[in-house]
Amino acid sequence: MSILKDAILSAIGPDAKFDGRNYPASMDFCTVPRGKFIDTARAMKKANALLVAEWSADESPLGRGFGVYACYRWGAEYLIVKIELPYDDPIFTSISGKFLPAYRFERQMMSLMGVVPVGHPDLRPWIKFEDWPEDAWPLRKSFDASKPMPRVEGEYNFVRAEGEGVYEIPVGPVHAGIIEPGHFRFQAVGEDILNLEERLGYVHKGIEKRFESLSWQEGSMLAGRVSGDTTVAHSLAYCIALESMTGCLVPQRAQWLRALFLERERIANHLGDIGAVCNDAAFAFMLYQMSRLRELMMQTNHKLFSHRFIMDRIIPGGVSVDIDSGGKEMILSELKQLLKEFNRLMAIYDENSSLEDRVRDTGILIPEKAREICAVGIVARASGMNIDCRMQNPFPPYDRIGVNVPVLIYGDVNARVYIRIKEVRESVRIIREILETLPTGPTSADCKIPAPDCSGFAAVEGWRGEIVYWLQSGPNGEINRCMVRDPSSVNWLGLEQAVLGNIVPDFPLCNKSFNQSYSGNDL
Amino acid sequence: MKILKQILRTGIVTEPLQSEVSAEIRDVGAKLDEVIRKRFRGSLTIRQVDAGSCNGCELEIHAINNPIYNCEQFGIHFTASPRFADMLLVTGPVTRNMEIALRRTYNSTPPPKLVVAVGDCGCNGGIFGETYASLGGIDKVIPVDVYIPGCPPTPIALLNGILRAVGSR
Ligand code: SF4
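Top to bottom, those sequences are chains R and A. In terms of this note's numbering, the numbers along the first sequence are unbroken and rise by one, the last being 523. In terms of this note's numbering, the numbers along the second sequence are unbroken and rise by one, the last being 169.
Same shape as in the complex, but just chain R (with noise of 0.2 Å):
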């Protein structure tokens, strides 16, 4: 049963050929015409489905002209539309009007790309910022990635709200802390926010084009630097979409081990944005107790795995370390001192009223936003949307072990908050389970290289949400396109969405609750 696949097929009919070569094969794959895109992000809509990306790829070394793909989120089910378009008449409807993630996928797809979305609402570049040359589509096989570009002249035109007493605040790139660079340009009134603009870009690091340039083992040390503060969980999707069309079969207890990996990395994150946001609401206290913890948790990581962030440690087969009963039980010693201090913590938290006038009501991303923006992670789950891929599309040891998904309705700065703080606790349970259940045997196999044209996907729930990659192999087996969704690129939208009505001083709180990566948006 899939129930994607029949809305499709009820839309559409035989137009819809559902083959190709994508892995997993468990996952449904179609290609359409193209004059019938639009007509299958209808029949996707009216199927409740989330649209998870939409990319395009430049597949001439393949002797085709450019793919464009959508892909959809049903529950537990993905899927794929493709369309085909001859290089020199590279347009396609676009499915924005259904979609609203589309807007900015849209953008990039234009910008990097240089295929056109007919009927798209705003065309101004994204990522491309104003002063690259007009024809620089970075991502097209004849783009030469290794010399610098000319600066040409150009300006951005931000939306404009007017009216009386409406002003203007730029803030950024630079920004006042140790955090990533971005722009942001606030209309408001009095204090209140009637417009936020977020102007992304600045981080661009051509990565998606980059990976085109390395073999497959060195990509996932690239996607391991996609958002370093999420080396785990990219470098263990970009793993999985690879093993998935080389058909390599991982050892348990290298399973066992990426979900330990993986489940310290969200730990480790979400401590840290707990203190981050008390610390915006003027409670610093939280901040050192969270930072501390977090430091307890790299320094463990550093010993067992030898590196804080456990980078690197993920490679295509499985990872390349191993634990002892040794290091189990510096786990478990560590974990047990954690949860209590956590705990008592947390009581603080809950009792603390100055706090709680500062977190509740504040930034509220309501449910239908959520939905609308086809929001992932924490921010969806935060604002009433139940999911997450260790649940939905679980890889083992989840299925075995089960997860615990918070969900709450409020969507406000407490509810993403409070959301974190459960997870914490819920990921703990989860480590302990790993380490009492792992199996033994090898931590690796091995990986071969793909076969030409091919692809593969795969989804994983990092600690901000559910990170996507879709390679595809070149006419050799080399890496031809992969395409890299961090959760941020949709849930920037909703963090536009959360301010407004907000008093400007509460941005950075606002802020904090969602924190989004620059980086892996911008790529």
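Honestly, the hints are just simulated from the structure, not real lab data. If you're wondering where the values come from, they're calculated on a predicted model, not measured in any experiment. Treat each hint with caution, since some may be false.
Here are the in silico distance ranges between beta carbons for each label pair [said to hold, decoys possible]:
#1 A:E72 <-> R:E197: 47 to 53 Å
#2 R:V171 <-> A:K31: 57 to 63 Å
#3 R:A161 <-> A:K31: 51 to 57 Å
#4 R:G163 <-> A:S108: 52 to 58 Å
#5 R:N476 <-> A:D27: 49 to 55 Å
We treat Cβ as the ideally placed atom computed from N, Cα and C, and that holds for glycine.
Chain R is fixed; fit chain A with the ligand onto it per the hints.
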């Protein structure tokens, strides 16, 4: 009340923990303290600039502010304004889209200024290399005094790098 209890329980956390780490902190800390007292009148002000990092280096720069490393006790302070900074701590690779902002920050920092390039990317562009989007290491854009390699450098490596920079003056 509970807060007080937690503070008492936690005590001065810079003390216990894993002894090797705390010995290292004490060691580099004492030297930092001395040089900063002598050459910077007890206070070294740092402006951190992310010129295109993956955010990994930022996490470790945050960590030197945590209560374990507590760099403030050695006289190291982070500031929001380049105008009051003695040192720019820059993570990279420098992206094309950040080049102008980095130059501006550099130009608004009063001389004599120290520039420290952080991380493999800050040193030479790291895995991102030199491409249409990444210009490579920090010294491709502004002069660099000291390099701190590592991906990311550990907090101890950061403190040692900062020590090298202040000692070089
Ligand atoms: S050195 Fe490593 S951690 Fe630092 S920015 Fe580069 S990839 Fe990220």
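Broken hints, by number: Numbers 1, 2 and 4, in rising order.
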